[in-house]
Amino acid sequence: MLKKWRKASDVKSSEITPKDVFLNRRKFMQAAAIVSGASLVPAFVNSGLAATAPGYGGKKYPDVKKTAFGEAEKLTTYEGLTTHNNFYEFGTGKSDPFRNARTLEPSPWSVEITGHAAKTGKFSYEDIIKPHQLEERIYRLRCVEAWSMVIPWVGIPLADIIKRFEPTSKAKYVAFETLVDPKQMPGQERDALPWPYVEGLRMDEAMNPLTLLAVGVYGEHMPKQNGAPIRLVVPWKYGFKSIKSIVKISFVEKEPPATWNIQAPREYGFYSNVNPRVDHPRWSQTKERRITGEGGLSALFTPKIETKYMNGYAEEVAHLYKGMDLNKFF
Amino acid sequence: MATKKSRRIFKPLVFLAALIPLGWLVFALYSDTVLGTKYMTADPVQKLDRELGDWALIFIILALSVRPLAEIFKKGELVAYRRMIGLFAFFYVCLHLSAYIGLNLQLDLDEFIKDVTKRNFITIGIINFALLTPLAITSTKGMIKRLGGRRWQKLHMLIYPIALLGVFHFFMMIRADFSRPATYLAVILVLLAYRYWVKWKKTHPKKEPATA
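Chains as they are written, first to last, in this note's numbering: chain A, 137 to 466; chain B, 23 to 234.
What the hints contain is simulated information worked out from the structure, not anything from laboratory work. This structure is a prediction, so every number in the text was calculated from the model and none was measured. The beta-carbon is built from N, C-alpha and C at its ideal position, and this holds for glycine as well. Hints may contain errors.
Cut-off 27 angstroms, straight-line C-alpha distance, at most; resulting in silico cross-link-like pairs (DSSO-like, lysine-lysine) [unchecked claim]:
| hint | chain 1 | residue 1 | chain 2 | residue 2 |
| --- | --- | --- | --- | --- |
| 1 | A | 308 | A | 423 |
| 2 | A | 255 | A | 195 |
| 3 | A | 440 | B | 228 |
| 4 | A | 423 | B | 140 |
| 5 | B | 140 | B | 26 |
| 6 | A | 444 | B | 26 |
| 7 | A | 258 | A | 210 |
| 8 | B | 140 | A | 440 |
| 9 | B | 223 | B | 96 |
| 10 | A | 444 | A | 210 |
| 11 | A | 423 | B | 136 |
| 12 | A | 255 | A | 299 |
| 13 | B | 96 | B | 228 |
| 14 | B | 136 | A | 464 |
| 15 | B | 97 | B | 228 |
| 16 | A | 299 | A | 201 |
| 17 | A | 195 | A | 266 |
| 18 | B | 223 | A | 464 |
| 19 | A | 444 | B | 136 |
| 20 | A | 423 | A | 440 |
One side only, chain A facing chain B, incomplete, derived with CB under 10 angstroms [claimed, not checked]:
| hint | residue |
| --- | --- |
| 21 | 285 |
| 22 | 305 |
| 23 | 414 |
| 24 | 417 |
Heads up, incomplete: computed chain A residues facing chain B, CB under 10 angstroms, no partners named [claimed, not checked]:
| hint | residue |
| --- | --- |
| 25 | 234 |
| 26 | 328 |
| 27 | 418 |
Using the sequences plus the hints, can you model the full thing?
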């Protein structure tokens with residue numbers, strides 16, 4: 137029974153969706169033309185959203201291995217996941233990254249590896265991904281704001297990459313840092329958050345087979361607004377843990393700082409595992425709005441769905457938190 | 023006489039202008055639904071909530087600024103539009119509240135009660151709605167007469183704490199980028215300062231030139 141069910145979902149993701157995406161994009165651009173042509177839109181609402189093409193994506197990776205990671209759930213469309221982002225480096229509005237991310241230059245790109253590891257230094261994007269087989273993994277992404285998506289990532293298990301740098305026994309945590317460059321990231325001209333955006337994982341979390349260093353979506357290079365060219369994906373944690381546009385990875389001994397934890401420690405813990413039993417102080421986390429990519433009335437009236445413990449990945453990760461009081465270590 | 027005539031022309035215009043934000047939201051939803059645009063983002067529930075809350079606050083601030091503007095520009099007839107603007111503030115507050123209960127909570131009353139009792143910014147929002155409602159109810163000419171000008175005016179001074187609570191409701195809802203609520207707060211404080219200055223001038227009629 138289960139097998140059959142899995143298969144059905146595979147068909148859905150590998151065959152139906154690309155076409156779906158294609159049609160959606162076409163419809164999207166047509167609509168953009170119609171609306172911007174009509175120019176009925178008041179100036180205070182930026183009509184740019186309909187007029188710009190989504191980022192740096194569009195370049196296919198030649199060899200991406202399909203994996204069993206998949207869902208019976210419908211994928212969020214390419215358009216959906218590239219027009220609705222939290223990426224304050226490009227502005228605090230959901231559509232700001234889509235509008236503003238074009239100034240990001242994901243190529244050439246390098247990542248600095250530092251800390252307790254045998255191999256450290258600056259590595260180019262190509263150096264980092266070349267030795268590995270890229271995989272497609274369909275993961276749910278649950279934002280702390282109680283919405284969620286289903287995204288077909290392209291990436292490499294973080295564990296495989298970490299092993300190459302040979303961290304020492306002192307490396308208890310892995311810390312990540314996003315680029316700081318207000319010229320590329322105009323949102324950084326204002327201090328909406330303290331820059332750079334930083335995040336961290338415990339070593340066993342980083343080494344968990346689910347944790348991904350993602351370099352693309354839908355078989356293509358990572359769109360700029362989604363954290364090009366290289367970002368973290370930790371599917372059982374709230375989305376903000378999955379830090380974008382990474383320029384530095386450090387192996388450290390003590391729990392590293394995490395941006396949202398600094399910003400509001402009462403609300404965002406270091407762990408930030410998806411947990412419907414622990415409310416955010418300002419809203420319930422028991423349910424979520426699944427963002428399919430379809431906007432308008434259908435999205436307005438789509439019933440919410442139950443949020444699952446560890447975002448439905450408890451089988452793979454619950455053991456990491458055995459004996460921990462998750463009300464305290466939220 | 024002339025003001026009566028201009029009122030007949032301008033009242034419908036102000037009325038229509040006040041409907042523009044709602045009109046835009048309806049158009050945006052229509053366009054997103056039919057043409058596949060994304061004006062309301064892929065998560066229109068959150069967007070609609072925020073937009074309506076924003077407009078509610080803007081109209082509260084507009085209502086507050088009518089009298090100062092009328093005084094400063096010596097256009098007393100402007101005050102004739104204040105009630106309508108205030109009622110539109112109430113209108114957008116009602117829409118904001120309905121969007122939150124109907125679309126965000128999807129009418130889950132258990133969640134609503136939890137939200138109101140556990141989450142301060144929502145508690146404040148609801149209190150604010152409760153404070154604004156009597157002002158809307160007593161906005162008619164009949165009510166002014168029944169209450170008496172003095173008492174009516176006293177009651178309607180509530181709009182200042184309402185505006186401040188509204189901004190705090192906004193502040194408490196976000197955790198980064200406070201520029202928007204900060205702007206609203208600045209405007210409200212200026213309006214409050216003006217009010218106090220006017221009052222101070224009334225109670226301290228100039229006897230001799232104040233300290234030069």
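Which hints, by number, does the structure contradict?
-> 1, 2, 3, 5, 6, 7, 18, 22, 23
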